[in-house]
Every structure is written in C-alpha cells, then in structure tokens.
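Enquirer: Chains as they are written, first to last, in this note's numbering: chain C, 3 to 425; chain X, 3 to 425.
There may be inaccurate statements among the hints.
What the hints assert, rightly or not - Pair ranges (Cβ atoms, derived): (1) X/L213 x C/E404: 46 to 56 Å; (2) C/G51 x X/L213: 26 to 36 Å; (3) C/V289 x X/T19: 36 to 46 Å; (4) X/E404 x C/R32: 53 to 63 Å; (5) C/R371 x X/R32: 39 to 49 Å; (6) C/A380 x X/T19: 56 to 66 Å; (7) C/R69 x X/T407: 47 to 57 Å; (8) C/G396 x X/R32: 29 to 39 Å; (9) C/G51 x X/E177: 18 to 28 Å; (10) X/K138 x C/D391: 48 to 58 Å.
Treat the hints as calculated values from the structure; they're not laboratory data.
All values reported here derive from a predicted model rather than from experimental measurement.
Ideal placement from N, C-alpha and C gives every residue a C-beta, glycine not left out.
There are 2 protein chains.
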Amino acid sequence: MDAVSIIRAKRDGGVLTDAQIDWVLDSYVRREVAEEQMAALAMAICWRGMDRREIARWTAAMIDSGRRAVLSGLDRPTVDKHSTGGVGDKITLVLTPLVAACGAAVPQLSGRGLGHTGGTLDKLESIPGWRSDLTKNQFEAQLRSVGAVVAAAGPDLAPADARLYALRDVTGTVESVPLIAASIMSKKIAEGTGALVLDVKVGSGAFMKTLPDARELAETMVALGTDSGVRTSALLTDMATPLGLAAGNALEVAEAVEVLAGGGPADVVELTLALAREMLDLVGLPVDPADVLADGRAMDCWRRMVQAQGGDPDAALPAAAERHEVLAPAAGVLTEVDAFAVGLAAWRCGAGRVRKEDPVSAGAGVTLRQQRGATVHAGDVLAVLHADDPARFGGALEALAEAFTIGGGTGEKLPLVIERVGG
Amino acid sequence: MDAVSIIRAKRDGGVLTDAQIDWVLDSYVRREVAEEQMAALAMAICWRGMDRREIARWTAAMIDSGRRAVLSGLDRPTVDKHSTGGVGDKITLVLTPLVAACGAAVPQLSGRGLGHTGGTLDKLESIPGWRSDLTKNQFEAQLRSVGAVVAAAGPDLAPADARLYALRDVTGTVESVPLIAASIMSKKIAEGTGALVLDVKVGSGAFMKTLPDARELAETMVALGTDSGVRTSALLTDMATPLGLAAGNALEVAEAVEVLAGGGPADVVELTLALAREMLDLVGLPVDPADVLADGRAMDCWRRMVQAQGGDPDAALPAAAERHEVLAPAAGVLTEVDAFAVGLAAWRCGAGRVRKEDPVSAGAGVTLRQQRGATVHAGDVLAVLHADDPARFGGALEALAEAFTIGGGTGEKLPLVIERVGG
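Extracted from the complex, chain C is given alone in its bound form (with noise of 0.2 Å):
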C-alpha cells in the first residue's frame, strides 16, 4: 500500500477500497503520509467525489483516529444538533438549554469561526467568565446535572479531522460534498449522541449556495448517521438573508437571551422552535417547545449552563467602542438583505478571525434595524456596524456595498424552512 497508487487510483476516478482509505487516513496520522500527499488525495476527491461506502469508511477511519464517546450513566436520550453555518445563527444558543429543558440532554462539541460565519465557542466566549476546555468527566457531570453543555472539542475527537480540516483550509479543498459529510458526522458520531438533527443551510451566506447541493449533503450525511446507530434528520433552511438582527460574538449572545426571555426576532423564535421539535421527535418526547420557552424554564436551563462553565449570566457583555449608521440611500421595500455581505462586513469588524490563531472582538459585529420585506424611508437606519477601532468600518462598508436592496416589489424568497430529510 502506498499513497501514490491511492491518490493516482482517485485521481484517475476509481473507487477506493476500504484497506486503503483506513491506510492512507491512518498513515496520515502517523506523519507517514506528508502533507502534500494528503492535499493532492483531496483535491482528486474534490473533482472524482466518493460514493457512499467510501464515504462511510472515511468517516468512520476519521472517528477511529481517536475516541468514540460513549454516554452512560444519563437518565434521559441525548440528542444534539449542528448547524453548517450561517450568518447570525445563534440558534445553539437557545436550542441547547430549550432541548435540554424539555428532558432530553444535549452533549455538543463545537467549534470557532474561521471566515465570515461565527463559531458557537467564540459567541459564548464573550460572556464573562465563560469556559470551554472541560475535561470528559466534568462534560459529563454537567450533562447529568443540567442535561446541556457546549465545549470545545479535546485531542481524542476524531483529530485526522482536525488535521485534514486545516490542510483544506489553505489547499483550497474545502468545498466537496463528502469531505464536508465526513468531516460534520465524524465529529457528532465521535461525540456519543443518540440523535442528531442537522441544520443545513442554503444560500448566500451558507457554504451551499443551492437547494440542490444542500440536499445532496443532508441526505449523505444522514445516511452516515443512521448506518452509525445516530437517529439522524436534518432540515434545509434559509440563508440567503441573516437570521434575526444581530450577527456577532457578543450581539448575538444578548439576541439569544433576548429569545429565552420571550422576545427576540420572530425568525430566530421560529427556526429554534423547529429545529427543538425535530430533535424531540427523534427522541420521543412528547413535549411543547413552545410551552418550555414561553414559561421560563429554558432561561432557567441557560443560566444554569452557563453558571456550570464558569459564566455569569448577570454580567454586563462586552460592547464595542465605536458604532457607525448605515443609512438607507432611498424609499421602498427592503427586498434583499445578503447573508454573505452581511457576514463579511461583520467579520471585518473583528467579530471572525482570518488566521485560527487570531483572536476574536467580544463586542464587534452587525446590528440590523431592519430585517428583508421591510418598508423603509430614505435616510432610516438600515444597520449599525460596531468594532473596536474605527479604521475598520471602511472594509465593512465596502462589504455592504451591494447587502441591501430596496426595490418596488416584496421579493421572492423561499421559506425559513424548506425541507425535511430524513426516515
């Protein structure tokens, strides 16, 4: 076995056996395979794609590159959801106490940003006294005793991902189906939850640009779920336009509380009440989201998580210094408002991070003061961007250039969500 005749066998658009996706992965690991072997295997990956038994062996050779968690001694089903990003998508952060308070618990590993949509850690990061590094043991204890936690993912997840994940960050192999179906489903396999609902996000903003693509990666990777023993479905939502007002670390943790408390953007409301009663459904508890988060108890649940992790959820988050208005040039309806604009400019504000090792702002980002299919009057505030140094404002703007279209009519858009896959 040799990692030419692997990467040759692909490139030339053959199907890998088993024996040697477990070789080529596990000498990745190693070191025995180099770097350049490894980027030269994706790229051929990303033009001859993988069917779905090489898909299954490469994830299920990612997990066994460390640990697979396994969740005992809990009194209730686990059931977890991931997101493939979007702008302003700060849905974990409701979903995972609401869940957790309705009787299922909710184990989540996440991760941090990197580019123009923000990472689940990085937001709740922002929130004083906040921590992500626990240990397994005390991941579990706080499973048992409050039924939510999201922390950072240890050495043992599946570390071929993390290592495969950033060679094809700068290899230009991120974008191909089944690197991304291997990449998500290694993790949340690893993970040890009993179910999964996948949230996979189609347009502007998302990483799949159409509903066709979408589907194609819901569908593989709930295949991957269920032939793994995860009840798996995932919901295809929109994301041309950003979900709710806030897009930033610190913004949209106060959206997030804002929704726990009863209010918050009726999009958000929306979005997490369909996606908790995916997740309960999976599990079979017959219980009303709507009724957890209306009566308090979810806040409930969410100050009790953040209490176990060091946080305090009475502290004052942290602001940005400088503010700017972006002002709508003319009247009409506000038929556009772009995800991926939107992101950008609140990645140049230094909500996100352009190297893994940068740092990110608690306190910049995008506010929206007004959401698409609003009427707005020349001069009204559309948006305000907030960071930390003024010098920063003139990318974002420029970001923003084409966000916003305001037009004669209302615009056509798809629904919040659009689909459902699976059994």
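Knowing the structure of chain C, use the given hints to seat chain X on it.
Expert: For chain X alone, coordinates are given in the frame of chain C:
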C-alpha cells in the same frame, strides 16, 4: 495575491492570469507557497488543464526561477534532442557525437532515470571514470572543443521545475500534458540550445500510451519552443516494443558503441539517423549522417566526448555477476515484445531506482535475443536477465510473464517513426 484563491480558481475551471502564475511559482521557490498548496494546484491542473497561454507563462516562470544560458563563442549552430523516455532508448549516446561530427554543437543537459525507463547519465556513468558534473565553463569549453557534451543540469537550470518535478512524483500529479510540456521545455529552453528535436514516444513503454495524447504533447512542446525562439520539431516514434536488444546501463552503452562501429540493431540505427537528419535540417547543415556514421567520424567524436569527461572509451564495461535465460515456451512468430514489461524487468534487475537517492547497478538489465517479428522455436532463448544478486530474478521474471506473445500471424505494428510535428 494568495495561494488559496489561485488554487480555487483553477479548481473551478478558471484560467490563471500571468500575474497569478508568476506569483505562485516565485512564491513556491521562496517557500512562501507550501508544498501542500502546490500539490493541490498540480492536481487541479491535472483536472482542469491549462491553455496555451497559461502553459507558455508557466514555462517562462520556471525558466526565470533560474538563468537561461547563452552559449556564445561557438563557430557552429547548436541543436539538441530530448526523448520523453522509452525502454532501451540509448539513442542520445549515438546521436550526440554523430550530429557533432556532422558539424553542429550538441549541448545536452540530461537527467537520471526514475521508474522503468533509464536515464542517460546513469548509462554514461557505467563507463569507468566518466563524470557528469561539469561547471558551466567546462561545459562550454567542451562544446567548443568537441562539439558534443552530455552533463548533469546544475542548480541554476529551472530550479522551480526541479522542486516541482520531485513534488509531482510523490503526489500522483505527473500525468498532465501541460505540466509535462512545461517541465521538459523549461529545461531545454534554459539550457541555451538554438534548435531542438523532440522524440515523443508512443506505446506501452512510453509515458504517452496513445497517439492522440502523444500528438498533443508534441504540438504543445513545439509551440512552446518556437515561441521562445528555439527552432523546434518533434518525431512521434513507436515505443510498443523496446528499442534495440539491450535495456540496462552498461548493456545499452555497449549496444550504442556497436552502432557507432557500424553495426548494432537496425531499429536503433534507423531512429538515430531519422533524428540526426531532423536536427541537421533544423540548423541547415546539408550533411548525410549515414556517411558520418559509416566512415567512423561519429565514433571518433564519441571517444573524444567520453575522454573529455574523464571516461576511458577502451575500458571494459561493468558486467552483472548473475545471468538467467528466458526460453520460448512454444514455436511461432514473436508478434509482441512488450516494452513496459521489459523496462520493468530491467528495473527490477537493478538497472533503475525506486527513490531518487538510490544507486543503480551498472551491469544489470535485460538483453533480448529476439525482436518483434522473429520466428522462434520452443526452447529458444528469448532474453537474458542480468543482475548482481540472483534474488532479483523472481520479480523480473514476473514482470516478463506476459511480455512475449508468440502467435501465428506477423502482428500489426506501427512504423518506427510514426509522424513529424513542426513547421
């Protein structure tokens, strides 16, 4: 300018700009573009190809990574030959002194073998005392005094190509017409020759297995040379069966000396004269090389060329300690002698190397006793294997298992010189 956006552009089927090509190769040489990034780009080029302008710029950038030589102070025209590599291809050994003896100067910078085809330097190094490492001054002095020189490329000759070639070898990205053409032509243009004849091999023992692929490579290279001010033409020649009877380093030198002495296999003589005529035509020397071969002037030049580089043309050549005969299993016409199988057998006997730092055996290889088209009886010796260690014969015999086809007819075959490409 950054590597990821260039990789993504090619991955998505785009055409790279001159600035992108210059930047990525320059940054690669300066180690600011990483090996894994160049590997991904090379695979994307295998996938998407490059157009003529991209290939020309890629070639120019590789030349500019070092220095393009100017061969001055010569009283005769310069012309070189490059073969894309075949089994038993010792043509350079005869052709270089022959064309020099006809009045041209042949400034050949050559390489070593990797895989089943031998390298010209490895062959010449089997001559006791001969050395390939000349300084630029020694190289030019020998070109003036002898008119013929075959030496190793120095570190100034297209260093980007040297690194890229080593990378492609370990990443399954060798098989790309644009990258092959740019690699060959960057070295030949940088070498400083005024004219160039390409021997593009077609068939099982060659890199290009089919005539359309070989034609595409030939046309690409002829255009590259012509556009860079080098008069260039190509012959497409048959490599379904080995050239001559010998495959192996000293074994091929001995056969070349036979041809220089007026004997040797007819196919070696035919191809040598065809390439010599093409070279002499390009530089306008109306000499018949057959006369120069017949009257011993080519042999004289060979002796001076070998001596000028420290070699003893009268010394006995190294011979392998062990021999093994391969017998005909049945009577009939030898309709096929497969070039790839014979090359692989010679390589496994020790004539070639697995890694580029491996030594080669001077005496190892295969000598055929019969060529394609011969009538044989059961038990006739078809070939003799030569190796320093008899343990090598097992693998070599395995390689030869299907090499010889004995049938009833005479077999279909292409002419040795299939067609010419050039202005």
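Enquirer: Does each hint fit the structure? Answer for all of them.
Expert: Results of checking the hints against the structure:
Here the CB-CB span from X/L213 to C/E404 is close to 52 Å, well matched to the stated 46 to 56 Å. Distance hint for C/G51 and X/L213: a CB-CB separation of about 31 Å, consistent with the stated range 26 to 36 Å. At about 58 Å, the beta-carbon gap between C/V289 and X/T19 misses the expected band of 36 to 46 Å. Judged by the Cβ atoms, the range 53 to 63 Å given for X/E404 and C/R32 is violated: they are separated by roughly 37 Å.
The beta-carbon spacing between C/R371 and X/R32, approximately 48 Å, falls within the hinted interval of 39 to 49 Å. A hinted range of 56 to 66 Å is violated for the C-beta pair C/A380 and X/T19, which are about 41 Å apart. Judged by the Cβ atoms, the range 47 to 57 Å given for C/R69 and X/T407 holds: they are separated by roughly 55 Å. Distance hint check: the CB atoms of C/G396 and X/R32 are about 31 Å apart, consistent with the given range 29 to 39 Å.
Checked against the hint of 18 to 28 Å, the C-beta distance between C/G51 and X/E177 comes to roughly 19 Å, which is consistent with it. Checked against the given bound of 48 to 58 Å, the beta carbons of X/K138 and C/D391, roughly 55 Å apart, stay inside it.
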